[in-house]
Amino acid sequence: MSITPTAKTSLSLPGDNVREPGRTRTQRLFWGIPYGIFTTALALLFIGPMIWTAVSSVAPSPGTAQTHGWGLGNYVQLATFQAGIITYIANSLFVSLLTVALTLFISLTGGYAFARFKFPGKNVLFLSTIAILMVPYSTLLIPLYVLLNSVGLQNSLVGVSLVLTMFQLPFSMFMMRISFESVPREIDDAAMVDGCSTFSTLRRVLIPAVKPGLITVGLFAFLTAWNDFVAPLILINDSDKITLPLAVANVRIQAQGVVNYGVTEAGVVVLAFPCIILFLVLQRHYVRGFMSGAFKG
Amino acid sequence: MAITASDSFGVRALAHRVKGPRYALLGWLYATPTALFVIGLFIIPVLLVFQMSGSDWPLFTGNQGWNIPSNYQHAVTVRLFWESIRFTLVYTVITTVFLLLLALGLAMLVQESTRWKSVLRTAFLVPSALGLASASLLFYVLYSPVAGPFSDLMDSGGFTFLGTPQGALWSTVFLVIWRYAGFYMLLMLVGFQGIPDEVYDAARIDGASRWNTFRYVTVPLLRPTFALTTVLSVTGSLLAFEQFYILTKGGPDNSTITVVQLIYNVAFQGQNNLGVAGALSVIVLGALIVINVFQLRAFRSPAER
Numbered sequence: 001m002s003i004t005p006t007a008k009t010s011l012s013l014p015g016d017n018v019r020e021p022g023r024t025r026t027q028r029l030f031w032g033i034p035y036g037i038f039t040t041a042l043a044l045l046f047i048g049p050m051i052w053t054a055v056s057s058v059a060p061s062p063g064t065a066q067t068h069g070w071g072l073g074n075y076v077q078l079a080t081f082q083a084g085i086i087t088y089i090a091n092s093l094f095v096s097l098l099t100v101a102l103t104l105f106i107s108l109t110g111g112y113a114f115a116r117f118k119f120p121g122k123n124v125l126f127l128s129t130i131a132i133l134m135v136p137y138s139t140l141l142i143p144l145y146v147l148l149n150s151v152g153l154q155n156s157l158v159g160v161s162l163v164l165t166m167f168q169l170p171f172s173m174f175m176m177r178i179s180f181e182s183v184p185r186e187i188d189d190a191a192m193v194d195g196c197s198t199f200s201t202l203r204r205v206l207i208p209a210v211k212p213g214l215i216t217v218g219l220f221a222f223l224t225a226w227n228d229f230v231a232p233l234i235l236i237n238d239s240d241k242i243t244l245p246l247a248v249a250n251v252r253i254q255a256q257g258v259v260n261y262g263v264t265e266a267g268v269v270v271l272a273f274p275c276i277i278l279f280l281v282l283q284r285h286y287v288r289g290f291m292s293g294a295f296k297g
Numbered sequence: 001m002a003i004t005a006s007d008s009f010g011v012r013a014l015a016h017r018v019k020g021p022r023y024a025l026l027g028w029l030y031a032t033p034t035a036l037f038v039i040g041l042f043i044i045p046v047l048l049v050f051q052m053s054g055s056d057w058p059l060f061t062g063n064q065g066w067n068i069p070s071n072y073q074h075a076v077t078v079r080l081f082w083e084s085i086r087f088t089l090v091y092t093v094i095t096t097v098f099l100l101l102l103a104l105g106l107a108m109l110v111q112e113s114t115r116w117k118s119v120l121r122t123a124f125l126v127p128s129a130l131g132l133a134s135a136s137l138l139f140y141v142l143y144s145p146v147a148g149p150f151s152d153l154m155d156s157g158g159f160t161f162l163g164t165p166q167g168a169l170w171s172t173v174f175l176v177i178w179r180y181a182g183f184y185m186l187l188m189l190v191g192f193q194g195i196p197d198e199v200y201d202a203a204r205i206d207g208a209s210r211w212n213t214f215r216y217v218t219v220p221l222l223r224p225t226f227a228l229t230t231v232l233s234v235t236g237s238l239l240a241f242e243q244f245y246i247l248t249k250g251g252p253d254n255s256t257i258t259v260v261q262l263i264y265n266v267a268f269q270g271q272n273n274l275g276v277a278g279a280l281s282v283i284v285l286g287a288l289i290v291i292n293v294f295q296l297r298a299f300r301s302p303a304e305r
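The listed protein sequences correspond, in order, to chains A and B.
As numbered in UniProt numbering, residues 1 to 297 make up the first sequence, in order.
As numbered in UniProt numbering, residues 1 to 305 make up the second sequence, in order.
Because the hints were derived from the structure by calculation, they are not lab data.
Any given hint might turn out to be false.
[Claimed, not checked] Below, a list of computed lysine to any residue pairs in the SDA-like style, where the Cα atoms sit at most 25 Å apart: (1) B/K249 - A/T26; (2) A/K241 - B/G62; (3) A/K241 - B/N265; (4) B/K117 - A/Q27; (5) B/K249 - A/T224; (6) B/K117 - A/L282; (7) B/K117 - A/W70; (8) B/K117 - A/V287; (9) B/K117 - A/A41.
[Claimed, not checked] Sample of chain A residues lacking proximity to chain B, with all beta carbon distances greater than 10 Å (derived): (10) T26; (11) F30; (12) G63; (13) H68; (14) L93; (15) K122; (16) Q154; (17) L157; (18) S182; (19) V183; (20) P208; (21) G218.
Quick reminder that beta carbons are idealized off the backbone N, C-alpha and C, glycines included.
Chain B with its partners taken away, still in its complex shape (with noise of 0.2 Å):
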């Protein structure tokens, strides 16, 4: 019992002393590394896309000095810059919400834990694992006219998946959907997981059938998840960059190109105006709080509002 006692007042003894200012400063020592990454490489660019998109900035002279409003003002009126809002708007909505229902729908087939169940857990999380570049290079050879496992279907079809603006919009589509829908549905089984088997077992008492159990347990209950996978969704899609990069380069005749492809052109490719490539990476960053602010709000649990 000795031991006990005096290892108790030992540990509270050594809590007393670890909370002094020394222990302060440790805290600070092992978190320099984050604080210096945080500042250096996030926080300083972000206060400097400020004071670029307030001031006249080519790509290869540097900064000429203030010239606020005139980026904005340049900005709104780069070509295309509606085109490319629109587009990814559309592209946002479609990708989210065939993406949400597939990955709930994979996320009910596999929930149960049976041998097979989990072989085909693998088979939809596999291409996670690939970049989207590598997916999008997969696909550009897939959906090649000359190349692809269609291009026979295609010639005698007369169709092509990337030469109209809507063929080339839903194979970018199908895309996305293939490389994240495994990864999608792995949030949307966390969420079935944070459901109370009590909860399941109170609505089977009460008789409930498959759908209402479905409809009225399960998708309340996920309202955090989705929201989650919601803003992740919309947030990836409307920085859409890579998939259309590859895929079609913003073709045919510009009608996919994204606001990210646009701030990419505007910065590097011709004009070579970083104040406005600034301005315009504002406009964005602006556009993606507000969207998020209201997403977060419409999915708050009646409760909290």
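One chain only, chain A, in its complex shape (with noise of 0.2 Å):
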């Protein structure tokens, strides 16, 4: 698989060209109907689950903090478990934001070095860099457990943070190296011509041009740092101390083992709505980081 950066950008795609000649308005009036209402149960397949669980969670039903008429019962359950929905969320929120903050560090430093320096050691760490793609999660969790343990992180938000970020790398190094090697050499040339230290350079002149690499490479580490489930279901044992989307699994069953589901689906409500919003607020950069090119396979 060889990955090649390309500079398209449009999202005008080459089938634009093949639409069959001929065909009168009527025909695609005839073909239209059938076509919109297939469309349109397919995007509501897509959809509807998520719509369904934020109406119920406010709509009355038997067995939930919501019995009789429509209220926010199921989210004022929500926010008293155990140590309170608000800790979980600043919780996730402590770790989503060290995540994007070490990710968008290390992969800025360390893109603009394979983009624009040589020193030897820089291909093995690059490789090794991407070699954390091929090695499965859960096979790093048990020993990366043990070693934060043995460094004084056990139990930490921090380790997570550090495990999370780690996790990151592949995609966010390949994201800046071809975000810097596409800006032109000239550019810092020029910079340095004028007296440009490297890292003024990098301040004042590359790191406006990568932005939109920045941008890709921040919303994924948010998304992925706080919907992540298994590194703090491995690395955090105190029930204060940990994450939304475990909080969430959690919260459904009540004392009696019996399940919660009004809770619940206030709970993914809670979970889902930052991610939704980010996304289709970035979401012409989210598409476009991809159309760029960066994964053609």
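Assembly of the complex is requested from the two constituent chains, each provided in isolation within its own frame, with the hints serving as guidance.
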């Protein structure tokens, strides 16, 4: 599988040209109706489950905290679950923001080094970074659990962030390397002739140029860290240090082993809401990051 | 003119200067954070998992010294070892086939840039923004015989989604496809974009039908995309964990235990034996490398063979 960068960014595709000629307006209308029904149904299949969950989290239902009339009973119950939902949101935000910060810092400096410098061991280091992709998550989490214990980072959200950052590195480093490589070298040369050091060239000239890459990398790091389930499951023991996905998975089962579906729905909404908003706001970027050919097979 | 000349001279002199040893040193300086992370959190743990797999290493008392090859002998006789391998393989094949076919279909459906199609593209992609754990919890409620929208239907039909081994398998496959189809569609669209317009022009001039254009132009030229998506889907499915951990908890009757769930159970639930878990991890790692090498070979174009 060779991964080559390309510069195409538009979403118009070659298929545009193969629309069959000679279809009359009536024919198009005739085919348009079943096509419209089919595609709408398909879209609903993808969005429906989310809408259903959001609606039923505030709808009255027996066996939940919201038995009569519409309201926020499930959310109120969720808010007071164990250490309180605010604690879990804070834990998740801490892990996510630290992961984003670390990922951006490491892939920015590393991407710059790989794209612009020659130094001994460069290829070995880059290939080792990409090799993280080849090793299963679970294979690494058990030794990481032992390793973090031995350096005093057991049961620590910082430890979780370090691990999540490491798993983000192959994608982020690849993305930042091609982002830097697509900036013409003449730009750095000009800045250096003007007396900039490599650091001020990076800060003043290159960071603005690779901003789309940074946004894609940051968005990915945030979504991954916010949603990650396995790393905190293995690395965190205290119930007041767990992150939101684990807390919502725990809130399902009430004391008597009865499943509380209402609270689970509310929890899923709280988990999913920031991701969907972030995705819709940055969608253009996210799609373009891919379409710019980062993943050309 | 004089200015241009001196400018280009300056650049060339600079290029000479920065290629020296100082430049290599700066390169290392910028690469240091990467190197620290890769060595500390990747290379050392990989070496450690090999050491664990050859050592007596209980969860709570730590390393008790070498015991090669006892962990490996133990690993293949762990209860549910072969069942979990069989189930993981079945799950992987089903998921990959349906996921890639659906992703290809969706990509063809939305590849033209109209307003409605970009709405569709967004609709298909939104589930990808959810975490796999969130999506699993969402479907946990949807599939519920008590609170789900199909509970009445299940009551009158006398069936449950997660009650039988087959039902649990297909319900999970549906969840995973729902979550990932948009993302794989995006990868397919990237593949479509890599096919030059001229090829389609040539096919049209030759009078190729839509089907023939698809069969003899699009499919062969998408080979690298199929390779990437297959490797991603197979690797991801072989390492499945959260969806089963949340949705089925391995049930009913341990029928949906995956290999990674087995490793997790051996390490942290009950046996607490990191040595055997390490041995199982090494076996999975080896199998994954073999499977991926095999896949990449299979997808090489005939010219490269």
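Structure-based check of each hint:
1. Note on B/K249 and A/T26: the hinted pairing is violated, with a Cα-Cα distance of about 54 Å set against a maximum of 25 Å.
2. For the hint linking A/K241 to B/G62, the alpha-carbon distance of about 24 Å falls within 25 Å, and the restraint holds.
3. About 22 Å separates the Cα atoms of A/K241 and B/N265, which keeps this hinted pair within 25 Å; it holds.
4. Using a Cα cut-off of 25 Å, the hinted pair B/K117 and A/Q27 holds, with the two alpha carbons roughly 20 Å apart.
5. Taking the CA atoms of B/K249 and A/T224, the gap is about 23 Å. The hint holds against a cut of 25 Å.
6. Restraint check: the Cα-Cα separation between B/K117 and A/L282 comes to about 18 Å, which is no more than 25 Å; the hinted pair holds.
7. With a CA separation close to 35 Å, the supplied pair B/K117 and A/W70 exceeds the 25 Å bound.
8. Under the criterion of a C-alpha separation no larger than 25 Å, the hint pairing B/K117 with A/V287 is consistent with the structure, at around 14 Å.
9. Restraint check for B/K117 and A/A41: the C-alpha separation of about 14 Å stays at or below 25 Å, so the hint holds.
10. Against the 10 Å criterion, A/T26 stays outside the reach of chain B, whose nearest CB is about 20 Å from its own CB.
11. A/F30, annotated as away from the interface, keeps every beta carbon of chain B farther than 10 Å; the closest lies near 17 Å.
12. With a cut of 10 Å on Cβ distances, A/G63 falls inside the contact zone with chain B, its closest approach being about 7 Å.
13. The beta carbon of A/H68 is kept farther than 10 Å from every beta carbon of chain B, the shortest such distance being approximately 16 Å.
14. Listed as a non-interface residue, A/L93 keeps its Cβ farther than 10 Å from every Cβ of chain B; the least gap is roughly 15 Å.
15. In this structure A/K122 is not separated from chain B by more than 10 Å, as the shortest Cβ-Cβ distance comes to only about 7 Å.
16. The beta carbon of A/Q154 sits about 12 Å from the closest Cβ of chain B, which is more than 10 Å, so the claim that it is off the interface holds.
17. Against the 10 Å criterion, A/L157 stays outside the reach of chain B, whose nearest CB is about 16 Å from its own CB.
18. Every beta carbon of chain B lies more than 10 Å from that of A/S182, the smallest distance being close to 16 Å; the non-interface claim holds.
19. The beta carbon of A/V183 sits about 15 Å from the closest Cβ of chain B, which is more than 10 Å, so the claim that it is off the interface holds.
20. The beta carbon of A/P208 sits about 18 Å from the closest Cβ of chain B, which is more than 10 Å, so the claim that it is off the interface holds.
21. The claim that A/G218 lies off the interface holds: its Cβ sits roughly 15 Å from the closest Cβ of chain B, which is beyond the 10 Å cut-off.
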